[in-house]
Amino acid sequence: MKRATEVFGEWAEEGKDVDMEKTHAMPVNEMIDFALEERTNIGKNFSFLDLGCGNGWVVRDVAQNKLCDRSVGIDGAEQMITNAESRGGKTEYILADINSFDSDVKYDLIHSMEVLYYLDDPSETVKKISDSWLSNNGRLIVGIDHYYENIDSHSWQEKVGTRMLMLKEFEWVNIFETAGFNEVQCWRSGKDKDWAGTLVITGKK
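Residue 1507 in the numbering used here is what sits at position 205 of the sequence shown, and the numbering runs on without skipping anything.
Hints are computed from structural coordinates only; laboratory data are not their basis.
Heads up, a few of these hints could be off.
[As the list claims (entries may be wrong)] List of simulated lysine to any residue pairs, SDA-like, C-alpha gap at most 20 angstroms:
1) Lys1506 x Leu1338
2) Lys1304 x Leu1467
3) Lys1506 x Leu1467
4) Lys1368 x Lys1392
5) Lys1495 x Leu1467
6) Lys1324 x His1448
7) Lys1408 x Trp1489
8) Lys1470 x Lys1408
9) Lys1408 x Lys1324
10) Lys1506 x Trp1489
11) Lys1506 x Ile1334
12) Lys1304 x Gly1317
[As the list claims (entries may be wrong)] Label pairs and their in silico Cβ distance ranges:
13) Cys1488 x Asn1438: 19 to 25 angstroms
14) Ala1398 x Glu1312: 15 to 21 angstroms
15) Lys1493 x Glu1339: 19 to 25 angstroms
16) Asp1494 x Asn1438: 36 to 42 angstroms
In this text, all values refer to a predicted model and were calculated from it rather than measured experimentally.
For every residue, glycine included, the Cβ atom is placed at its ideal position computed from N, Cα and C.
Whenever a hint applies, use it, and build me the whole structure from the sequences.
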């Protein structure tokens, strides 16, 4: 099987990153609105990191918030970063393997959509985010479509040709709680009779 970064690099070259942006827009907008409402209530400037940023569309969107003083994206697919940088905006991008990346900067808000289950050890990454990447009272919010309760996703690993970790909803919640996150919440975005919904998990440091 190919590594996920190789698959997504190929997709970026084929222009499929734009399709991903459209497909993910609804749940991502719901997550970002949830997080930004909190930042507005806090009323202080904040920094933002998008983990697995693709072509940077979320990084650019959050950068437009008047309280956002730094908006950064990281991705392991070189072509995704190239596509992101070509679209401009008051943003920063990092090309790095998320599995081994260590941030020397703390962020107030970290977001990730459809990334964690591709990682070698998502529990280790979530713990690292809690311990080292988030500011005090910072928030991590993630969206996951590939999980046990979403039957439609069970065939994706074979179809895409890259390793995907299959966990149940409660197991993802446990990863957050074990990592030390507080106020852990979980819900499904966009759920209907034909779709189990995007699993959203969030917690505060």
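Evaluated hints:
Straight-line distance between C-alpha atoms of lysine 1506 and leucine 1338 comes to about 14 angstroms, which keeps the hinted pair within the 20 angstroms bound. A threshold of 20 angstroms between alpha carbons decides the hint, and for lysine 1304 with leucine 1467 the separation of about 14 angstroms falls inside it, so the pair holds. Note on lysine 1506 and leucine 1467: the hinted pairing is violated, with a Cα-Cα distance of about 24 angstroms set against a maximum of 20 angstroms. The suggested pairing of lysine 1368 with lysine 1392 holds, with an alpha-carbon distance near 12 angstroms, which does not exceed 20 angstroms.
Distance restraint check for lysine 1495 and leucine 1467: the Cα-Cα separation of roughly 25 angstroms exceeds the 20 angstroms cut-off, and the hinted pair is therefore not satisfied. Distance check on the hinted pair: lysine 1324 and histidine 1448 sit about 18 angstroms apart at the alpha-carbon level, within 20 angstroms; holds. Note on lysine 1408 and tryptophan 1489: the hinted pairing is violated, with a Cα-Cα distance of about 26 angstroms set against a maximum of 20 angstroms. For the hint linking lysine 1470 to lysine 1408, the alpha-carbon distance of about 30 angstroms lies beyond 20 angstroms, and the restraint is violated.
Between lysine 1408 and lysine 1324 the alpha-carbon distance is near 29 angstroms, which puts this suggested pair outside the 20 angstroms criterion. In summary, the hint linking lysine 1506 to tryptophan 1489 is supported, as the alpha carbons are separated by about 16 angstroms, within the 20 angstroms threshold. At most 20 angstroms may separate the alpha-carbon atoms for a hinted pair to count; lysine 1506 and isoleucine 1334 meet this at roughly 15 angstroms. Annotation: proposed proximity of lysine 1304 to glycine 1317 holds, straight-line Cα distance about 19 angstroms (limit 20 angstroms).
The hint said 19 to 25 angstroms for the Cβ distance between cysteine 1488 and asparagine 1438, and at roughly 23 angstroms that hint holds. Separation of alanine 1398 from glutamate 1312 is about 19 angstroms and conforms to the stated range, judged on CB atoms against 15 to 21 angstroms. For lysine 1493 and glutamate 1339, the Cβ-Cβ distance of about 21 angstroms falls inside the hinted range of 19 to 25 angstroms, so the restraint holds. Taken as a hint, the range 36 to 42 angstroms holds for the pair aspartate 1494 and asparagine 1438, whose Cβ atoms sit roughly 38 angstroms apart.
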